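Undergrad: One-letter residues, chain by chain:
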Amino acid sequence: MKNLKLKSARAALDLSQQDLADKVGVSRQTINAIEKGDYNPTINLCRAICKVLGKTLDEIFWEDE
Amino acid sequence: MKKTTVYVLSLIAALALIGFSIFFLKDQFKGDNVWSSDWSVGVSVEDGIVAHETSLSEFTISKAGDYNFSFSWLPSGYSKKNVTEVPSHELGFVTVLLLFDKSKDLVYATASGAMTADTTLTLSPGTYCAEYHYLTSIEQYEEYAAKYLCGAYSAPYWAREQAGTFASLQKNGNWTMEYSMKVSSLSDASYATSLGMLMGFLLGLCLVFMILALITKGNRLKSPKYDERQEIERGRGFKYAFFCMLIILFALSVFSAGGFFDARDFLVTYSLAMFAGVNVYVLYCIWHEAYFALNQKTTYVIVMFFLIALSNLALTIFSYFDGILIQNGKFGYGVLNLFCTITFFNMFIVMLIKRCVNARSEDSL
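Note that the protein sequences, when read in sequence, are chains A and B. Everything in the first sequence is counted per this note's numbering, starting at 1 for the first residue and increasing by one. Everything in the second sequence is counted per this note's numbering, starting at 1 for the first residue and increasing by one.
Honestly, the hints are just simulated from the structure, not real lab data. Among the hints, erroneous ones may be present.
Stated by the list, open to error - Lysine-lysine pairs mimicking PhoX-like chemistry, simulated, CA-CA at most 20 Å apart:
| id | chain 1 | residue 1 | chain 2 | residue 2 |
| --- | --- | --- | --- | --- |
| 1 | A | 55 | A | 7 |
| 2 | B | 63 | B | 102 |
| 3 | B | 102 | B | 225 |
| 4 | A | 36 | B | 354 |
| 5 | A | 51 | A | 5 |
| 6 | A | 23 | B | 225 |
| 7 | A | 5 | A | 36 |
| 8 | A | 23 | B | 297 |
| 9 | A | 7 | A | 36 |
Said to hold, decoys possible - One side only, chain A facing chain B, incomplete, derived with CB under 10 Å:
| id | residue |
| --- | --- |
| 10 | 21 |
| 11 | 26 |
| 12 | 28 |
| 13 | 30 |
| 14 | 32 |
| 15 | 33 |
| 16 | 39 |
| 17 | 44 |
| 18 | 45 |
None of these values were measured; they are calculated from a predicted model. Just so you know, even glycine gets a beta-carbon here, dropped at the ideal spot from N, CA and C.
Next up, chain A with everything else stripped away, as it sits in the complex (with noise of 0.2 Å):
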């Protein structure tokens, strides 16, 4: 499943993937993968890019009902 609150979270503070991936230390291709439904991170890696969005994993990571 893609997720949309994370791609509208980078894009909200202007951040392309490859930004936002630096930051984080990771890949391009990995922040993509998370978008696209690809690839579940771990925790660690959601706290990360969470701490860098400024969000909670809830915000971030949670399925809305």
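Fit chain B to the supplied structure of chain A, relying on the hints for placement.
TA: Chain B in isolation, oriented as in the chain A frame:
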């Protein structure tokens, strides 16, 4: 690790390996001799009779295996280099070599006016006797051929055909012939060769490491860093490569059992499986963006792979024309260059395709 430390360690390792390589190569040239002998004989023919009729030599084999049997007989003043210039038609006799085992069973036989030859014989432990005879007439020649070479039916034709090249059979005269015979163990030679190859390979690795250290910018050699998704993909790549190797080896043994392929051709069997595994692993990783580390420059690597592929292609072509690629109907060590060429070209092409795919799906925001 600091660059200077890398230089020093690589230099020490390279020097040590050069020393080892020289030691093993030296050993290869001197240590495998089982038996050798050189002698000269004055052969005189008078009225078709040779004064010096037979010459016998014995040697003992202690271990079963493949042996290189090298021998030559040449008139005085000639060597292996100019064996084709020997005027065989002027000799009044033909030298015949017979090799018997301890049960007097024939192991090897040949006949010629002058020759040098190397052949591989599979010998069992025991004593072997090499007999040299000197034949001066077509009748003797025919008798010899019927008994040892081609059977009674074709012997007369063979003898007549061969005798045509020795126009002076039964001619009187004196000739000084230089004889040489050497038996060396191929098993021992292979052992030294294996160690020599291993040392050469390690030496090559050291040199590559040194060159990389020289051209790497910055004071430290960076170790590759992969993110968690890349590590998972690399693990999957290893798994697929492992199963690919198993399947290839199994398939080759099945084809070998059916007689379509000779699995004892270890060079092709193992290198085919290895390169297939490497291809699966590398191509899978490239396609899933897990080949390059986060701190690696891709353009430099792509160009380098293309150059490596080109240089291996050149080596493959050279080895083909030098006859090293295929020897006696089997692939030689040149096949490794061929596999390298295919692998690096595969990598180069898949990297380019992946770049194009990525460029299309690039998401700036």
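Undergrad: For every hint, state whether the structure bears it out.
TA: Do the hints match the structure? See the list:
1. As the CA atoms of residue 55 of chain A and residue 7 of chain A are separated by approximately 13 Å, the hinted pair is consistent with the 20 Å bound.
2. In summary, the hint linking residue 63 of chain B to residue 102 of chain B is supported, as the alpha carbons are separated by about 15 Å, within the 20 Å threshold.
3. A hinted pair counts as satisfied when its Cα atoms are at most 20 Å apart, and residue 102 of chain B with residue 225 of chain B does not qualify at roughly 67 Å.
4. Distance check on the hinted pair: residue 36 of chain A and residue 354 of chain B sit about 18 Å apart at the alpha-carbon level, within 20 Å; holds.
5. Taking the CA atoms of residue 51 of chain A and residue 5 of chain A, the gap is near 15 Å; set against the 20 Å cutoff, the hint holds.
6. For the given pair, residue 23 of chain A sits about 15 Å from residue 225 of chain B by alpha-carbon distance, which is consistent with the 20 Å threshold.
7. Taking the CA atoms of residue 5 of chain A and residue 36 of chain A, the gap is near 11 Å; set against the 20 Å cutoff, the hint holds.
8. Annotation: proposed proximity of residue 23 of chain A to residue 297 of chain B holds, straight-line Cα distance about 18 Å (limit 20 Å).
9. Proximity of residue 7 of chain A to residue 36 of chain A is assessed by CA-CA distance (about 9 Å); at most 20 Å being required, the pair is judged to hold.
10. Among the interface hints, the one on residue 21 of chain A holds; its C-beta lies about 8 Å from the nearest C-beta in chain B, closer than the 10 Å criterion.
11. Below 10 Å, beta-carbon pairs count as interface contacts, and residue 26 of chain A has one with chain B at about 4 Å; its hint therefore holds.
12. Restraint check, residue 28 of chain A versus chain B: the minimum CB separation of about 8 Å is within 10 Å; hint holds.
13. Because the beta carbon of residue 30 of chain A sits about 4 Å from the nearest beta carbon in chain B, less than 10 Å, this interface hint is met.
14. Look at residue 32 of chain A: its Cβ gets to within about 7 Å of chain B, closer than 10 Å, so that hint holds up.
15. Residue-level restraint check for residue 33 of chain A holds (minimum Cβ-Cβ distance to chain B is 6 Å; threshold 10 Å).
16. Here the hint on residue 39 of chain A is kept, as its CB sits about 5 Å from the closest CB of chain B, short of 10 Å.
17. Restraint check, residue 44 of chain A versus chain B: the minimum CB separation of about 8 Å is within 10 Å; hint holds.
18. The interface hint given for residue 45 of chain A is met, as the beta carbon of that residue sits about 6 Å from the closest beta carbon of chain B, less than 10 Å.
Hint 3 from the earlier list is the only one contradicted by this structure; the remaining hints agree with it.
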